[in-house]
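There are 2 protein chains.
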Amino acid sequence: MEQIKLGIIGVGNMGTTHVQNILAGKCPEIALAAVADRREARRQWAQGTVPETVQIFEEGSDLIKSGLCEAVLIAVPHYQHPVLAKEAFAQGLHVMCEKPAGVYTKAVREMNEAAKESGKVFGMMFNQRTNCVYRKMREMVQNGQLGELKRVNWIITDWYRTQIYYDSGDWRATWEGEGGGVLLNQCPHQLDLLQWICGLPKTVQAFCQEGKWHDIEVEDDVTAYLQFENGATGVFIPTTGDAPGTNRFEVTGTLGKLVCENDTLTFWKLSQDEREFCRTATEGFAQPPCEKLTVETDGENPQHVGVLNAFAGNILHGTPLVAEGYEGIRGLTLSNAMHLSSWLGRPVDIPFDEELFLSELNKRRASSRKKEGKDITFSTEGTY
Amino acid sequence: MEQIKLGIIGVGNMGTTHVQNILAGKCPEIALAAVADRREARRQWAQGTVPETVQIFEEGSDLIKSGLCEAVLIAVPHYQHPVLAKEAFAQGLHVMCEKPAGVYTKAVREMNEAAKESGKVFGMMFNQRTNCVYRKMREMVQNGQLGELKRVNWIITDWYRTQIYYDSGDWRATWEGEGGGVLLNQCPHQLDLLQWICGLPKTVQAFCQEGKWHDIEVEDDVTAYLQFENGATGVFIPTTGDAPGTNRFEVTGTLGKLVCENDTLTFWKLSQDEREFCRTATEGFAQPPCEKLTVETDGENPQHVGVLNAFAGNILHGTPLVAEGYEGIRGLTLSNAMHLSSWLGRPVDIPFDEELFLSELNKRRASSRKKEGKDITFSTEGTY
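Chains as they are written, first to last, in this note's numbering: chain A, 1 to 384; chain B, 1 to 384.
Next up, chain A with everything else stripped away, as it sits in the complex (with noise of 0.2 Å):
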């Protein structure tokens, strides 16, 4: 079987259940080319655990030049994504970016444009998206069945992190080493998958709360208020402080009502559309008449697995990716407005004036604390 050579930078955390995976067998279409750490301790965890075939670099940047590797998957802290994805793409490599795309949109734009004059292929980690409830989902608000979008709760509370895993590495949580909390490291799989099952806002004005529940400079929990272009309305309440969290994610329509709560899927369907039995019941109090079902989905939920094979297959045989690399902009955009929304104290129309958000996000740089990280890896079993 014909298989890409992958080079892996970055194995901390996801680096890591990367390197497992395929080692493991499950990307039959993948061999491990190389991986790259600037922590000598993973380095050393790297010798320990790769076949001897598989260089071993410090950085990034010697591997992507090394001509080892057909593609890399790039999964070091966010500022860097947008830097090693370019420099990748300058060397004619196919890249898979973890998520999200980057820190900031600008960059993000130029990193695009990069993979465009490339033509390699341009990959997003955003595994949820194998997911067979939130695909499911998209389908039904996708082809119509929920009919026209009233309304999106999404409550995303179940990101509960302790304070020691932001002590656990110097970059985390901070202006300068991630660019953001919550919104930057745990829900860029929910803000893709809200963009991605119901569109992009038009407006959001959030309440970003910096520090609250950690010992952190960055936000660690928000609520954001969203206004779609059709007028339909939303929330976003993530936060990495609640035990237990919720993960409760509604979608009204005109149609209908769609939940996802414990991985399941239940649709409330009106036999006629909202709208016009307002207009037209003589009863005050009468409702539309609705079933309530519970959704049958294919059950295949992939993840991470599921991208990198989707990402090899999309090289080899040119199958579907499962997120383009050109679409982390999108999720990266909503997060960015909310934080500029909190930053200014108002709403913040999408698009947003970019330059005003890196100038916001660089004030917030140039005081960063310095932290001393006890640069631990922990498993991310089951943790995203």
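Among the hints, erroneous ones may be present.
Same chains, same names: a pair is fine if it fits in one copy or spans any two.
Stated by the list, open to error - Cross-link-like lysine to aspartate or glutamate pairs, in silico, EDC-like; alpha carbons within 16 Å at most: (1) 106 - 360; (2) 371 - 176; (3) 212 - 276; (4) 212 - 148; (5) 363 - 176.
Read the hints as simulated data drawn from the structure, not as lab findings.
Mind docking chain B on chain A? Use the hints.
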């Protein structure tokens, strides 16, 4: 058995229900002595419904002055609540007032002062306080079982109303006639329960959409962001435009999470305070141990009949009311603060500037549109 002689002012949707409950013998300590309504059709209905011993008035003021009643139940459009209550207190009558207490807190404050001066019994028709699940939630929050309050999310979108509901009375859903929409007509229950269970927030920022789903001038869709004194946050999301709606009330504290949905109360009980766990855990992705429990309640939910019987009991035997009339101002404070915030496009602190609220309301009353009311009375069974 001793009975109090009650006059009911307003026999529209709710007043009719009260009359029927009393005539059906559900309130053994209450004798219906008189009813009043300005609409001839409702007086005719009363004529055909109540015994001959019950006097029928056109004006509530005349009923109050008639000497026939020891107590009145006020179930007229909201602006008239404080006006009639003050008249009743001045005549030495006890007062049960339908929710909301009034349209603006300034008038309600004056009503409360009149009540205090009179020394008469003053109750508010917060029938949802009789619901066993809400009583239990209050008990658990107030006695510390949830620990410190962290988050309150109430999605209360199951107040569906059709256009003909709004067309059914010329006062309905107008600034001049009703003084507000879903916040003032449907949600006084939830606004009261929210403050009763969790306390009043210190700041609100609300996004009220006026005439979004119906041809009306007041709000029928609201998203409000709440901040409490201790730093807890929340959202309150009511509408009359969603079918089927949701009623999901989630309260998270440092000792667990309580969710009330479909009249079931579920408690995720932590065995350790989350704040302590967060600081002391040695694992980044660990969570405090948690047990999921379905909370037992006493199953009692006597609603309006319970409120009326408690009112009679308080007058006759000094047993407690379901809700003191004085407390009506608290939910209205929340409602007024939400309107004001939305009108001004900024966060509003509680207590807010009552004069500013009234001047903003009066601007809207001045240009309030005249409606051709169809004057329909609906059965309210199962709608409150």
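To see whether the hints hold, each was checked on the structure:
For the homomeric pair residue 106 and residue 360, the shortest alpha-carbon distance inside one copy (13 Å) is at most 16 Å, but the shortest distance between copies (42 Å) is not. Taking the shortest alpha-carbon separations for residue 371 and residue 176, only the intra-copy value of 11 Å comes in at or below 16 Å, while the best inter-copy value is 59 Å. In the homo-oligomer, the alpha carbons of residue 212 and residue 276 lie at most 16 Å apart only across protomers (14 Å), although the nearest pairing inside one protomer, at 45 Å, exceeds that limit. When the C-alpha separation of residue 212 and residue 148 is checked against a cutoff of 16 Å, the pair qualifies only between copies, where the shortest distance is 14 Å, while the shortest distance within a copy is 37 Å.
With identical chains, the CA atoms of residue 363 and residue 176 are at most 16 Å apart within one copy only, with a shortest distance of 10 Å there and 49 Å across copies.
Of the numbered hints given earlier, the model fails none.
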